[in-house]
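On the provided structure of chain A, position chain B as indicated by the hints.
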Amino acid sequence: MSWGKIFGLYAGAFVLFTVLLSLSEYWGLVSNRGIAYTYLVVTIGVYALIGVLSRTARPDQYYVAGRGVPAFFNGMATGADWMSAASFISMAGALYATGYDGLAYVSGWTGGYVLLAIYLAPYLRKFGAYTIPDFLALRYGGNAARVVGLLMAIGASFTYLIAQITGVGIIMGRFLGMDFNVGAFVGLAGILVCSMLGGMRAVTWTQVAQYIILILAYITPVAMLSYKHFGIPLPEFTYGQVLQDITQLEVQQGVTKLWVDMAPGGMLNWFALCFCMMVGTAGLPHILMRYYTTPSVKEARSSVGWSLFFIFLLYFTAPSYGAFARWTVLKDVIGKKITELPNWVYRWGDTILGKETNHLGLFDIADKNGDGILQLTDFVIKSTDFVVLATPEIAGLPFVITGLVMAGGLAAALSTADGLLLTISNALSHDLYYKIINPQASIVKRLTTARILLVVAAVAGAYVATFRINIIVAVVAYAFALAGSGFFPALVMGIFWKRANKQGAIAGMAVGFLTALILIVVGRNWGIYILGVKEIGAGVFGVPIGFLVIWAVSLMYPPPDQQTQDLVEEVRYPRGTTMKLAGIE
Amino acid sequence: MASFRDIDKSKREAYWQETSRFTWLILVLWFVSWVGPLVLHYQLNRIVIFGFPLSYWFAGQGSLAIFIVLIVWYAMKMNALDRKYGVAEEA
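So the sequences go chain by chain: A and B. With our numbering, the residue at position 546 of the first sequence is 546, and numbering never jumps. With our numbering, the residue at position 67 of the second sequence is 67, and numbering never jumps.
Simulated from the structure, these hints should not be mistaken for lab results. Hints are not guaranteed to be accurate.
To be verified - Computed footprint of chain A on chain B; a stretch qualifies when at least three of its residues, placed anywhere within it, have a C-beta under 8 angstroms from a C-beta of chain A:
1) 8-14
2) 38-47
3) 66-78
From the three backbone atoms N, C-alpha and C, an ideal C-beta is built for every residue, glycine too.
Next comes chain B alone, as it looks inside the complex:
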């Protein structure tokens, strides 16, 4: 039976440390991407680009696009980490 103990302990620890750090980074970016435009609502809404008041645009569209980018980045980076530390699934 395959078990995590087959993976070298130092590699496991390094993998998990890097994963945790990266997870925190995504969490912070996620938070900023929607709380930022909210807190700066009155300032950003005075800036109008292509007709869109900026705070309004973020809440309705911009933040959503950032969410997708964050998830795609997370998936790509984690797949790379899996390979780097030899913990990727067997094909």
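Pulled out of the complex, with its shape left as it was, chain A reads as follows:
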């Protein structure tokens, strides 16, 4: 049976399962909590099954899925790898809160794939290494570049991993009432069963399965909401009408900065943020390494297209989520009598009109001036995550769809965590252990080490997540500035400029990374900004400085040896093989 048929059947079975579950709900056979647990057990069970079926004892399967993942499925896997708990649960909420200004994330987290397509993916595939530090080591002659790459890969991926595990813990808490720490460790188990036995091969196919669930879960509620109001289940096209209504309602309620407009003087920051997210996307190792897994350069090229297509389906829908939610709040909550509040505010709000209903940490409603009418300031948002969580009920859908959203958020967090965990443990087992510490290690020993390190990294991630350090969410956003400034220039120059050498690359990576880091630290702690650019957009300085330093320092030292120059030349042409030239078995 072909992969297409298998996953087609799988998607069909999942839809059927959801329909059956909603019938059970309709007939009163299952409670809300029961629905949430059913989704949890069934989806994680499926991922675990794929993980076990994909077990392998071969290094090429473990590290790069045997370079046998077709472009289409690699695109789907990349989509799941890329879209995290933040994309799924939080992005639409951020758009609800910020309007046009938040769209810098939407453009930024998609536009980076163009850079990936034209500068990196096909060339990295031709190069044919196992990890990103591998590429840096072979191109820039030795372990110094490998170690710098290794440290940056682990640093960026580990903070990101903690955020995903935190996401899992929060989701479990909100839907299942589970204690955060228990939730985090259940999530940990869910991550490990997918990746431990089969490495990249298992993670790839699990991510395909997770993508299907997350995209169905994301689009269904808002599509139904669009259908309810406009008779067309395509919110991406119908929300133009909603935008008009929002503007009208805002004008009525005396809002000065319209939602669809930019914050005054915000252009430079919008640019910096968007640029940073784009270059960071093209510099994150867990995304880059996915393009090692396609069978050919040609497939790597089209795979970037599929990746962006599958990511686009969600991102292209996110603005409509934000708009429908804002419209609902402005129309059904604000300006209404306190006796006429819709039901969803009681389900998801914490303290509604003085009555404690939940502890979900989403929003409160209080009639502050006691006139019996809700004003804009009476609706106090604590977390804009309520946008995605409450949309199924706003659309009048059964609780099953809320359970589906939980399964989708979980799939988004777990799939990203899998990719990150693999990046970390591969950097440790392949780059540090095999390439630096013990190059004589047997295949069995290498893979055993890889698996042990995978478990260690996962447990460490979950353990750190239980401290609930507030800074983590901010640090993830900074990871883009850091990865973009540290990795992107060295990778691009390594492929496009033969003259770039070891000294230049190491200096460029270090200075680029440190520039971004220093700007982040001084911006965050003391509010010192260059040209008013907030620290989250620090890459707008770090990236060009990284390029400049590589260029200038390279010219100060002799060009790389003939073998390295041949390697760079070889990478340009899809024909032939690079792996032997580079000494990779």
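Only chain B this time, still in chain A's reference frame:
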């Protein structure tokens, strides 16, 4: 062992020159596709089509669609260049 030296030198150079030029073209189009609607934010947002203020629409949806078109175009054109200069992968 297959090596790039098996490919005729003039063909290699022509291939790389055309590739570089095309890469620059995509880069410029990419840049314009998202910076354009940003710089013209105030002008474009006054133009409303099917309810969508145009600058808002580009940042949330339009630019994204252009990104996909650019990547697909790049892949198609590069595959054609591979064949034209005889540097395509052996089937």
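- Under a C-beta cut-off of less than 8 angstroms, do 3 or more residues of the region 38-47 of chain B approach chain A closely enough to confirm the stated coverage? Our answer is that it holds, as 5 residues pass the Cβ test (under 8 angstroms) against chain A, meeting three.
- Query: Within the assertion that chain A covers the region 66-78 of chain B, do at least three residues meet a Cβ-to-Cβ distance smaller than 8 angstroms?
  - Reply: holds (count 8)
- Item | Coverage assertion for the region 8-14 of chain B with respect to chain A, Cβ distance below 8 angstroms, three residues required | violated (count 1)
Hint 1 alone, counting from the list given before, is not met by this structure.
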